[in-house]
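Protein chains: 2
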Amino acid sequence: MKTRCIPLMVGMLALAGSAIAADGQWQALPETAPAPSDNPTTEAKVTLGKMLFFDPRFSSTGSISCFSCHNVTEGGDDHRPTSIGVHGQVGGRNAPTVWNAAFNSAQFWDGRAPSLEEQAKGPPVNAIEMGMKDLDATVGRIKKIPGYQAHFEAAFGKGDVVNMDNAAKAIAAYERTLITPNSAYDRYVKGDKKAMTEQQVRGMDTFAKTGCTACHSGPAFNGSQNMPMGQGFFMKFPTFPGSVYDTQYRLLEDQGRAAVTNKPEDKQMYRVQTLRNLAYTAPYFHNGSLKSLDEAVKVMAKTQLNKDLKDDEVKDIVAFLDALNGEFPKQTLPQLPPTPGDLITEN
Amino acid sequence: MKTRCIPLMVGMLALAGSAIAADGQWQALPETAPAPSDNPTTEAKVTLGKMLFFDPRFSSTGSISCFSCHNVTEGGDDHRPTSIGVHGQVGGRNAPTVWNAAFNSAQFWDGRAPSLEEQAKGPPVNAIEMGMKDLDATVGRIKKIPGYQAHFEAAFGKGDVVNMDNAAKAIAAYERTLITPNSAYDRYVKGDKKAMTEQQVRGMDTFAKTGCTACHSGPAFNGSQNMPMGQGFFMKFPTFPGSVYDTQYRLLEDQGRAAVTNKPEDKQMYRVQTLRNLAYTAPYFHNGSLKSLDEAVKVMAKTQLNKDLKDDEVKDIVAFLDALNGEFPKQTLPQLPPTPGDLITEN
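Protein chains in written order, with the UniProt record's numbering: chain A, 1 to 347; chain B, 1 to 347.
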């Protein structure tokens, strides 16, 4: 029952932009995450943020929390192709993992939130996720629970501090503690040459030579900007529609970032996903249409890089990806303030 | 981030049957719970049981776990009048708290399960709760997740040990650790006469004199056998139908234990609920029709004992009930084994 210390203050680390292996530099995952200057991580914020993250009372039915789809007892997602929100409604995209999300340059599959703080304001008011009417109604629910006042004051000072900006800051502060360091890969690049198997080392090499690092760069293997998914193949091969990537994996169904920007060049563009802890986040892709890592590696190599990997190469890369499974920190379960009897949730 | 030690072996305590205050004996809550002789509590079982308790993958949609309705970040229930299961379906009864459920003589509102072990086999196969086809399908899901095998073997020995009986035993073992000792009342009855306020002491006296202890006896105030709810008033006052207890609180709508036994004398009979941590378990009664403790105390006194409590008496009793809020033990969050990509859940 060991517990992991929470980093109280984290510096602004320059993580983005450095391509893995391009200059031969493979990077280990930092043990702390960068925080924006207007939201330094503090223990009080992390405590409050964890409570809010676990609290289902901010959904219309009182049954869906951040934790419901970003399950931190699992891979930080929900093991379903796409998630279930209030009233049993099924969403359109696979829940991205919250583990190491602090290292993403943008949030959501289409990168529409620039920060964890902005991301946290989305799901509560999404009709098929938490289903609240608006952010005012969400804050109304928090205010309805008297026990939260003291926790907000501990994190943000005395006064009228229960508001959505602060709630989002607290949730983001908690999420910045959700880091999984010390994978076999991390130990390897820090100098323990026995940490990875021969196959994993070979897979790392194949991964780089195939060109995967062009997008999956940085210590979290999640790149530094929006990168195309499907774009490469789609642009080079106009016969992509009607192929297995269209019919079986349905990669053309979702407009991706274009649905946000309305730019044709953003069609099927998605934020680059982290490759850490993939063993815990099946099924894969934005629509959860791929069940195995072997399949995912093959489809990515073909659709992004127009490369047909041999079975042995796939197996080596998958072995390498297994080396990216880190250690999930021990967490204590929060204890939430009691519900007043007149807190109304819908059926 | 202190953690509470898990009791590894607990004795068979004789808890049932001793009426509180009948002989002047008020009892503190034990710090360990009795376990049946065929399921002694062990750390390996508790570890496994906590994982299973938190795991939503044993529901048809992969979205509902024991934790969904028996939320141990809250009062061990779900703060809703009645719970929500798979496909957004709304159940018929209020989720009973799992905190101190180890001290119940029977489980479910209608007492249809004699033990925590038997109770755990109910919700997975309830069509509006976890919605699995049958217990074989539930065990099939567990077997589909390879990481569970080692945890079952650690708890139950090598071999073919992944089965529903063992899963239920593990969940029950975990639930036996969900105890909230050290309330103001507990400290008071152990000798700290300053632990309760004057009003709480007065309320304790009013509670006993009113006759509440006839049913709400024992250290968890949950009695020792099925006790009538509504029966007293109903039998003495045939005009009960059409009264506010019928129209507003809908106490006649649910047949209670009679739905299980088909005996007319079991109509509106329910297992006596614990009175511990009531501040955390609003709304109240089997149908969640009562929003405040004041209201609940008044309605109970009238319908069970035909007593019209004065407002001051109600306030004193509610103050006493507040003294029954205990300490929730710190818990570490379990980390669940990864999901294979071909684990199929329905939408």
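Incorrect hints may appear among the rest.
If chains are identical, the list can't say which one is meant, so a pair holds when it fits in one copy or spans any two.
Restricting the straight-line Cα-Cα distance to at most 27 angstroms, the calculated cross-link-like pairs of lysine-lysine (DSS-like) are [said to hold, decoys possible]:
{"no.": "1", "residue 1": "K133", "residue 2": "K315"}
{"no.": "2", "residue 1": "K193", "residue 2": "K267"}
{"no.": "3", "residue 1": "K121", "residue 2": "K193"}
{"no.": "4", "residue 1": "K291", "residue 2": "K158"}
{"no.": "5", "residue 1": "K263", "residue 2": "K194"}
{"no.": "6", "residue 1": "K263", "residue 2": "K193"}
{"no.": "7", "residue 1": "K133", "residue 2": "K190"}
{"no.": "8", "residue 1": "K310", "residue 2": "K121"}
{"no.": "9", "residue 1": "K193", "residue 2": "K302"}
{"no.": "10", "residue 1": "K143", "residue 2": "K263"}
{"no.": "11", "residue 1": "K307", "residue 2": "K158"}
{"no.": "12", "residue 1": "K193", "residue 2": "K291"}
{"no.": "13", "residue 1": "K144", "residue 2": "K190"}
{"no.": "14", "residue 1": "K330", "residue 2": "K143"}
{"no.": "15", "residue 1": "K302", "residue 2": "K263"}
{"no.": "16", "residue 1": "K267", "residue 2": "K158"}
{"no.": "17", "residue 1": "K315", "residue 2": "K144"}
{"no.": "18", "residue 1": "K143", "residue 2": "K209"}
{"no.": "19", "residue 1": "K158", "residue 2": "K263"}
Worth flagging that the hints you see were computed from the coordinates, not collected in a lab.
Could you place K143 and K263 in one of the four classes (within, between, both, neither) given a Cα distance threshold of 27 angstroms?
-> neither (40 angstroms within a copy, 47 angstroms between copies)
Between the shortest in-copy and the shortest cross-copy C-alpha distance, which are at most 27 angstroms for K302 and K263: within, between, both, or neither?
-> Classified as within; 24 angstroms inside a copy, 68 angstroms across copies.
Give the relationship of K291 and K158 under a CA distance limit of 27 angstroms: within one copy only, between copies only, both, or neither.
-> neither (49 angstroms within a copy, 30 angstroms between copies)
Given a CA cutoff of 27 angstroms, do K193 and K291 count as a within-copy pair, a between-copy pair, both, or neither?
-> neither (31 angstroms within a copy, 62 angstroms between copies)
Within, between, both or neither: K158, K263 at alpha-carbon 27 angstroms = Answer is neither; intra-copy 45 angstroms and inter-copy 59 angstroms both fail.
Check K263 against K194 for me: Cα-Cα at most 27 angstroms, and say if that holds within a copy, between copies, both or neither.
-> Neither, since 47 angstroms and 70 angstroms both go past 27 angstroms.
Is the C-alpha distance from K144 to K190 at most 27 angstroms within one copy, between copies, in both cases, or in neither?
-> neither (49 angstroms within a copy, 36 angstroms between copies)
Between K193 and K302, at a C-alpha cutoff of 27 angstroms, which is it: within one copy, between copies, both, or neither?
-> neither (31 angstroms within a copy, 75 angstroms between copies)
Can you tell me if K143 and K209 fall within 27 angstroms by alpha carbon in one copy, between copies, both or neither?
-> Intra 54 angstroms, inter 38 angstroms, cutoff 27 angstroms: neither.
When no copy is named, should K307 and K158 be tagged within, between, both, or neither for a Cα gap of at most 27 angstroms?
-> Neither: 58 angstroms inside a copy, 45 angstroms across copies.
Between copies, within a copy, both or neither: which fits K310 and K121 at Cα up to 27 angstroms?
-> neither (43 angstroms within a copy, 47 angstroms between copies)
Is it within a copy, between copies, both, or neither that the alpha carbon of K315 lies no farther than 27 angstroms from that of K144?
-> between (53 angstroms within a copy, 22 angstroms between copies)
In the structure shown, a violation is registered for the earlier hints numbered 1, 2, 3, 4, 5, 6, 7, 8, 9, 10, 11, 12, 13, 16, 18 and 19, in ascending order.
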